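**Student:** Take a look at the letters that make up each chain.
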Amino acid sequence: MSQNELKKTPLNAVHRALGGKMVDFGGWEMPVQYPAGVIEEHLATRTRAGLFDVSHMGEIWAEGPGALDFINFLTTNDVRKLVDGQAQYSVLCNDKGGAVDDLLVYRFDNERFLLVVNAATTDKDWSWISGHLAGNSGVKLRNASAEFCQIAIQGPRAVEILQSLADTKLSDIKYYHFETGKAAGVECIISRTGYTGEDGFELYASPEFAEQLWNSLTEAGKSFDILPCGLAARNTLRLESAMSLYGHELSDEISPLEANLGWIVKLDKGDFIGRPVLADQKLTGLKRRIAGFEMREPGIARDGFDVYAGEEKIGYVTSGSPAPFLKKNIGLALLQADFANPGTEIKIDVRGKRIGAEIVPIPFYKRKK
Amino acid sequence: MPNIPENLRYSKDHEWVEVNGDIATIGITDYAQSSLGDVVYVDLPRAGDKFDAHEAFGSVESVKAVSEVFTPVGGQVTEVNEGLNDAPETVNTDPYGSAWFIKLKMDNPGEADGLLSAEEYEEYLSSME
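Listed in order, the protein sequences are those of chains H and Y.
Okay, so the first sequence: first residue is 1 according to the numbering used here, each after it adds one.
Okay, so the second sequence: first residue is 1001 according to the numbering used here, each after it adds one.
Hints are computed from structural coordinates only; laboratory data are not their basis.
Since the structure is predicted, the reported quantities are computational estimates derived from the model, not experimental observations.
Honestly, I wouldn't trust all of these hints.
As the list claims (entries may be wrong) - Estimated spans, in silico, between C-beta atoms of each pair:
1) E1079/Y with E312/H: 35 to 43 Å
2) Q1076/Y with D303/H: 34 to 42 Å
3) K1105/Y with G310/H: 35 to 43 Å
4) E208/H with P1005/Y: 44 to 52 Å
5) S223/H with Y1124/Y: 38 to 46 Å
6) E1122/Y with W263/H: 50 to 58 Å
7) D306/H with E1079/Y: 31 to 39 Å
As the list claims (entries may be wrong) - Calculated pairs, DMTMM-like style, for lysine to aspartate or glutamate (alpha carbon to alpha carbon, straight line, at most 20 Å):
8) K353/H with D1049/Y
9) K327/H with D1086/Y
10) K327/H with E1089/Y
11) K140/H with E111/H
12) K353/H with E1068/Y
13) K328/H with E40/H
14) K353/H with E1055/Y
15) K328/H with E1089/Y
Claimed, not checked - To give a feel for the contact side, a few chain H residues facing chain Y, derived at Cβ under 8 Å:
16) V32
17) Q33
18) G37
19) V38
20) I39
21) A232
22) T236
23) I300
24) R302
25) S321
26) P322
27) P324
Glycine is no exception: its CB is placed at the ideal position from the N, C-alpha and C atoms.
Okay, chain Y solo, but in the shape it has when bound:
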């Protein structure tokens, strides 16, 4: 059973969002990293880049496949996790902690409320079977 922390919000594209004021920290879920397999490369944007909700902001690659990553909320990137360049495998081992991808300042802080709760994401995963 994939790990789904209670305090986060989720998208149907398997990204998670942690909200602190108007800053959203975004990464991919345990389910996503498990589906991908061994992550070998993460392609991230730069601080200052702007994205609309549901826009692709980067990609994550396993040995076999490439997957785009979408931001569930619109905003401007304030910080990028450079650590993933040296240690992409942390996406597999710590997807909700040290393997966050970007932090962005949300255009609309309330937008995160429209995302799935942990319970709703878990239901969504079950319905996918």
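Isolated chain H, as found in the complex:
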């Protein structure tokens, strides 16, 4: 696919002007990092604030009297528990208990829901979800991904920076809740969610206001030394927080229970796609699970490297990288369940050399309250 065929977010010109190194991410041209570099961007988010263009994510409206039950059947979390203005993290499962995608479900009211899905899987998710409509006249679906831009501001100073631009009292918006309001004069969904492990907000707005929103946040964040952050920092931040990345810790073959997401799998809510397999996994015990590890010898584990206990191959690395804030080399691995307990010593095949590591509790990083 040539560079010209890559999809561009409304902030593409802004990224280029900032010196962003543009790469192909799931068919989108996105900045992997800016001149400050991934380590500085990561540290800025942990200690001050970082600004992220996440407009490539997908948005699907599900509306009508049948929408609630429909979404509840397609996802693992309990949609009935949501109140107006609340969001939940959830998983779309296939009938083998594997994950089609992870997503956020936003409830605007009992007949109006917004599903926010990953960029690389938007088309797949749209086909999956709409394919399950089967003449259900109580649900109207619309793929509204092109109708939104999305910007995340994350970090200990993020709320303060956004408050200077927002017409609503942000301290009234609890974690995983949202409001519609104005930020920098732009009508937005202001959502207290994020993918970094820090406090902050994700803002959804009409794409023609993307630059205005981004520039206003940059200006307001100047005295706090806010930095624009690319996909590399987005990945190291979520990894330190042990958050799943679809395609790595979750996939068509990896179930949410194996990915330690049992807390969003509500087996007792009633039937949903994948429930029988997940219930069975819970009953008989998991054969494999995602575990966190830290390197104990010099070397960096990368995605796909094999993991050993003694001479036995026990799994593979799903995500591996240096951790810029913790200053360690860490990773997540899908391992035979017996070896997934903290304290277990493992070896990781790093390009032919077996390097020592240890299973540790996750998350690796947790922000101070």
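Since chain H is already given, all that's left is putting chain Y on it; use the hints.
**Tutor:** The following block gives chain Y in isolation, referenced to the frame of chain H:
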């Protein structure tokens, strides 16, 4: 514009060589460190290891990526820069100075003459655009 010191020789794999008699000091260029981003780890061989020209003798890692490093000339490693273990980031800040990777005793001291001059390397970089 990347820095390209006049007194060094260069390879198309973006390594530089400083020749002193039959000893070659080898590192990676400013262009290479800039492409890599923040260097977090350098994997080096041991003194005594032997390599042919164009053979990989180690690797340099950034947060995102791993890159092998090749020796432009054949020889035996006499010294390894242990300092890079504690401070890999010097590859970004001082690629031609304190961030040298290895010194090796060349099998064929004349081999370095076949490498690119600073001007030729600069032309090569421009042609890559």
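**Student:** Take the hints in turn and mark each one as holding or not.
**Tutor:** Taking the hints in turn, this is what the structure says about them:
1. The supplied range of 35 to 43 Å is met by E1079/Y and E312/H, whose beta-carbon atoms lie about 39 Å from each other.
2. Our hint of 34 to 42 Å for Q1076/Y and D303/H holds, since their Cβ atoms are close to 35 Å apart.
3. At roughly 40 Å, the beta-carbon separation of K1105/Y and G310/H lies within the given 35 to 43 Å, and the hint holds.
4. Our hint of 44 to 52 Å for E208/H and P1005/Y holds, since their Cβ atoms are close to 49 Å apart.
5. S223/H and Y1124/Y have their C-beta atoms about 44 Å apart, which keeps the hinted 38 to 46 Å range intact.
6. One distance hint, 50 to 58 Å for the beta-carbon pair E1122/Y and W263/H, holds here, with the actual separation near 57 Å.
7. The hint said 31 to 39 Å for the Cβ distance between D306/H and E1079/Y, and at roughly 34 Å that hint holds.
8. With a C-alpha separation of about 17 Å, the suggested pair K353/H and D1049/Y falls inside the 20 Å cut-off, and the hint holds.
9. For the given pair, K327/H sits about 12 Å from D1086/Y by alpha-carbon distance, which is consistent with the 20 Å threshold.
10. A hinted pair counts as satisfied when its Cα atoms are at most 20 Å apart, and K327/H with E1089/Y qualifies at roughly 13 Å.
11. Taking the CA atoms of K140/H and E111/H, the gap is about 10 Å. The hint holds against a cut of 20 Å.
12. With a C-alpha separation of about 15 Å, the suggested pairing of K353/H with E1068/Y holds against the 20 Å cut-off.
13. Between K328/H and E40/H the alpha-carbon distance is near 16 Å, which keeps this suggested pair within the 20 Å criterion.
14. Using a Cα cut-off of 20 Å, the hinted pair K353/H and E1055/Y holds, with the two alpha carbons roughly 18 Å apart.
15. Simply put, K328/H and E1089/Y have alpha-carbon atoms about 15 Å apart, close enough for the 20 Å limit, and the pair holds.
16. Look at V32/H: its Cβ gets to within about 7 Å of chain Y, closer than 8 Å, so that hint holds up.
17. Hint on Q33/H holds. Least Cβ distance to chain Y is approximately 6 Å, under the 8 Å limit.
18. Taken as an interface hint, G37/H checks out: its beta carbon lies about 5 Å from the nearest beta carbon of chain Y, inside 8 Å.
19. The interface hint given for V38/H holds, since its Cβ lies 5 Å from the closest Cβ of chain Y, which is under the 8 Å cut-off.
20. Interface hint at I39/H: satisfied, since its Cβ lies 5 Å from the closest Cβ of chain Y, which is below the 8 Å cut-off.
21. For A232/H, the interface hint holds, since its Cβ comes within 8 Å of a Cβ in chain Y; the closest pair sits about 5 Å apart.
22. This hint holds: T236/H has a C-beta 6 Å from the nearest C-beta of chain Y, less than the 8 Å allowed.
23. At a threshold of 8 Å, the smallest CB-CB gap from I300/H to chain Y is about 6 Å, leaving the interface hint in force.
24. Annotation: interface hint on R302/H holds; nearest CB of chain Y at approximately 7 Å, less than 8 Å.
25. Checking S321/H against chain Y by beta carbon gives a least distance of about 6 Å; that is within 8 Å, so the hint holds.
26. A hinted interface residue such as P322/H counts as satisfied when its beta carbon comes closer than 8 Å to some beta carbon of chain Y; here the least separation is about 5 Å, so the hint holds.
27. At about 7 Å, the closest approach between the beta carbon of P324/H and any beta carbon in chain Y falls short of 8 Å, and the interface hint on this residue holds.
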